[in-house]
Amino acid sequence: MRALTFKQVTSAFDDLCAGLRSWRLSQFLAWQDIKHRYRRSTLGPIWLTLSFGIQMVTMGVLSSFLFSSPLEKSMPYVCAGMLLWFLITQIINDGAALFVSTSRYITQIKCPLTVFLMQVLWRNMFVAAHNVTIYLIVAVSLVIIPGPSILLWPFGVALVIICLAWMALVTAIVSARYRDVPVMIQNILNILFWFTPLMYFPEQLGSKRFIADFNPFAHMIALIREPLLGATPTLNDWLVVLAMSLIGWVGTFLFFARFRARIAYWL
Amino acid sequence: MLSIIAKEIHVEFPIYDHRMRSLKYTFGLGQLAKGFNRFAPRNVNVGGQIGKGETGRIVIKALDGLSFEMHEGDRVGLLGHNGSGKTTLLRAISGIYEPVGGEIRTSGRVVPLFDLQLGMDLDATGIENIWMRGKLLGLSTSQIKASFEDIAEFTELGAYLEMPIRTYSMGMMLRLAFAISTAITPEILVLDEMIGAGDAAFIARADLRLKDFLARTGILVIASHNTPMLRQWCNKGMLLERGKLIAYGPIDDVIARYEKN
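Chains A and B supply the protein sequences, listed in that same order.
The first sequence: position 238 = 238 (the working numbering), numbered continuously.
The second sequence: position 147 = 414 (the working numbering), numbered continuously.
Hints are supplied without guarantee of correctness; some may be wrong.
Chain B is faced by these chain A residues, among others (derived, beta-carbon under 10 Å) [stated by the list, open to error]: (1) Arg-24; (2) Phe-28; (3) Leu-29; (4) Tyr-105; (5) Gln-108; (6) Ala-261; (7) Tyr-265.
What the hints contain is simulated information worked out from the structure, not anything from laboratory work.
The model shown is predicted, which means the values in this text are computed figures rather than measured ones.
Built from N, CA and C at the ideal position, the CB exists for glycine as well.
Sequences are here, hints too, so could you generate the full structure?
Structure follows, in structure tokens:
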């Protein structure tokens with residue numbers, strides 16, 4: 001493999017900057033995606049909220065029953081956790097399909113590739129924003145008051161999105177070249193669901209608690225979920241996600257720089 | 268000054284099929300590829316040359332060391348047989364395929380217009396599609412607002428603009444796509460075949476709009492087999508054959524050369 005050239009690095013950087021600068025375009029495209037999905041349906045995007053709500057009631061009740069925790073405790077816990085789990089897995093899975101599904105655009109117009117990455121991020125944030133209503137209904141009806149750590153909450157959300165962005169970009173690049181990867185990723189994420197404290201509390205793992213401690217997604221989820229539930233994420237959660245974002249982005253950037261120009265050829 | 272300067276550009280396509288594209292292939296079945304060379308065309312004028320790339324992979328050499336310059340006011344018609352590299356060159360000029368060797372430098376914003384209907388959503392209304400296409404063509408919100416009336420009026424679609432374009436006829440859809448695409452002012456315009464709005468009754472108006480659109484364009488590069496059309500719109504011609512540049516000069520000379528083959 002040839003080494004990285006200076007030009008590859010600067011072009012990748014330009015692509016990244018141009019992608020960020022055209023946030024209006026990616027936001028517009030993402031909103032079109034949502035509209036497209038629900039055209040001609042009467043309820044439209046309300047379906048997003050509704051189906052999430054039904055799922056949460058089912059899972060909340062089931063979790064309280066299976067893991068014998070009080071419903072008023074498990075309901076908001078499951079709801080906040082799943083909200084994030086859907087956000088995380090959907091961004092990564094969309095990432096895997098990213099360049100393949102936009103190949104018509106990539107081979108026909110000159111557009112920074114990161115615009116399409118931003119489109120995936122926006123789209124999933126819109127979906128999550130719909131799902132938040134369900135959490136709000138649960139939180140208000142159970143009178144859950146977020147703790148002071150809620151002040152840091154926006155930073156937690158931003159950090160998690162930044163972290164997910166590189167994960168989506170890496171999967172996108174690899175998936176454009178190797179078409180088995182999207183299916184592989186999907187399977188890995190399906191299995192990871194059971195190893196992430198979503199339906200159960202980490203304490204309930206007992207001596208197997210390391211399963212949650214070594215799961216990077218568990219830390220991402222804790223970072224956003226705990227403040228909502230009135231608890232405080234640990235310093236460890238912050239450090240793990242911060243380190244993942246930094247190291248992940250450095251690696252991803254170099255990887256992107258090396259293969260950016262090849263992506264159009266792979267499609 | 269607008270310009271396109273290409274120095275010794277090479278574009279190669281690695282061949283992947285479903286087998287080679289999977290991980291399985293990379294880890295051991297690479298030998299299969301060797302058989303491919305047996306099918307390499309010899310003494311045939313169609314397609315790029317098949318050869319080995321730097322990493323030993325089978326590649327199609329779509330562009331093989333092209334050098335040329337284009338400047339403001341140039342209207343270049345690209346000629347060549349199927350697979351001679353016309354579309355690849357258009358995409359290289361547009362920055363979609365970055366050459367594996369050599370360098371292509373463009374000053375000015377390049378607008379490739381290959382598929383006028385790219386990004387249009389059948390279930391969205393005409394108006395929504397004007398926004399969608401406008402955004403994809405790189406227009407800002409205020410620019411779309413400014414040219415909206417002009418586009419709407421040109422299409423003569425009236426109340427239909429409020430309807431999903433699923434209800435349009437082919438001709439109406441083309442008309443809409445054409446109207447939006449010709450609303451921009453491209454510095455460098457890249458076309459694969461001449462764009463048009465079909466519809467016989469409409470052709471005179473479309474021609475007028477097209478003439479105006481191309482006159483606003485700084486540099487035009489267009490690929491086509493239609494020599495009378497190229498004579499009408501172009502002042503220069505470029506002939507490609509199997510990824511190599513055969514001739515570049517006044518359009519009439521290059522067409523004569525093309526027709527001799």
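Looking at the structure, which of the earlier hints fail to hold? none
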